[in-house]
Amino acid sequence: MSALIYCPFPDRESARSAANILLGERLVACANILGEVESIFEWNGERGSATEIGVLFKTHAEVLDKASARLGELHPYDTPAVMGWCCDAAPQATREWLGGLGSEK
Amino acid sequence: MSALIYCPFPDRESARSAANILLGERLVACANILGEVESIFEWNGERGSATEIGVLFKTHAEVLDKASARLGELHPYDTPAVMGWCCDAAPQATREWLGGLGSEK
Amino acid sequence: MSALIYCPFPDRESARSAANILLGERLVACANILGEVESIFEWNGERGSATEIGVLFKTHAEVLDKASARLGELHPYDTPAVMGWCCDAAPQATREWLGGLGSEK
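Top to bottom, those sequences are chains A, B and C. The first sequence runs 1 to 105 under this note's numbering. The second sequence runs 106 to 210 under this note's numbering. The third sequence runs 211 to 315 under this note's numbering.
Think of the hints as simulated: they come from the structure by calculation, not from any bench. Misleading hints may appear alongside valid ones.
[To be verified] Below are the EDC-like pairs computed for lysine to aspartate or glutamate, each with C-alpha atoms no more than 16 Å apart in a straight line: (1) Lys171(B) - Asp298(C); (2) Lys66(A) - Glu25(A); (3) Lys276(C) - Asp88(A); (4) Lys171(B) - Glu130(B); (5) Lys276(C) - Glu235(C); (6) Lys66(A) - Asp193(B).
Predicted, not measured: the structure shown is a model, and the values here were computed from it.
Using the sequences and the accompanying hints, generate a full structural model.
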């Protein structure tokens, strides 16, 4: 079963750096850097806003926990927003590709 | 358990306005305004297209239904596309941050 | 129950073409072309990068498998990344709109 992780970064460099490490550790098969996002948030009771870089990582359900935890370690923030979910449908070619990350190697 | 909501808006102002209300009502912790999306759709049997503003809201599974319903009320469209889903994985820091929205306060 | 599919394309034309066919076959109700994404990936053991066009398709859980498989057929790549998931929350208006794709017609 394939899986996705959404995670915004402060800039492209940190996004690319994390993506390359996760690829090297075979925890994701691909990162899609979506580009600039306008973030509006509440932090310690204060309303704030910032420009961040949104990223979607394609991975497999079998390594989703490990990939999310590792992304949390690699991320420049102390409290990153790393949000992963399992997918319910994918054509065989996608499943086989991403299955290469899990035990279906 | 964290959760995400995807919802496109007609413009940034309505997206920001809804985000600020949902933040104030502690139904989301952050909104990421992804920027312009090209929408192609079928409406009342007619093919149409429009430029909209895509937004991802970060929230918690315990308030996901309430946040989605409230977003439906706040949205300028009579039939908005508000699509929320629970996530399966997140590092502890993300869980604790978003847990602040639910009973894990 | 509503559902989403994320799928990047090599260009806007192929994205629009697939969207229009899926709309015509009532397998999706709307496509949001998110725009350019920077993709970093591993393919046959080689690290690579490319500019692609990210797309989110809004559909219904009852046709999610069919829509994902059909998207896999329509996609220009032999191994496309087609990743679909069921949503857990949506206001009534969204459910009724997307329900029109499934048996809730």
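Here is what the structure says about each hint:
Between the alpha carbons of Lys171(B) and Asp298(C) the distance comes to roughly 12 Å, so the proposed pair stays at or under 16 Å and holds. Taking the CA atoms of Lys66(A) and Glu25(A), the gap is near 10 Å; set against the 16 Å cutoff, the hint holds. For the given pair, Lys276(C) sits about 12 Å from Asp88(A) by alpha-carbon distance, which is consistent with the 16 Å threshold. Straight-line distance between C-alpha atoms of Lys171(B) and Glu130(B) comes to about 10 Å, which keeps the hinted pair within the 16 Å bound.
Restraint check: the Cα-Cα separation between Lys276(C) and Glu235(C) comes to about 10 Å, which is no more than 16 Å; the hinted pair holds. Our distance criterion of 16 Å between C-alpha atoms is met by Lys66(A) and Asp193(B), whose separation comes to about 12 Å.
Of the numbered hints given earlier, the model fails none.
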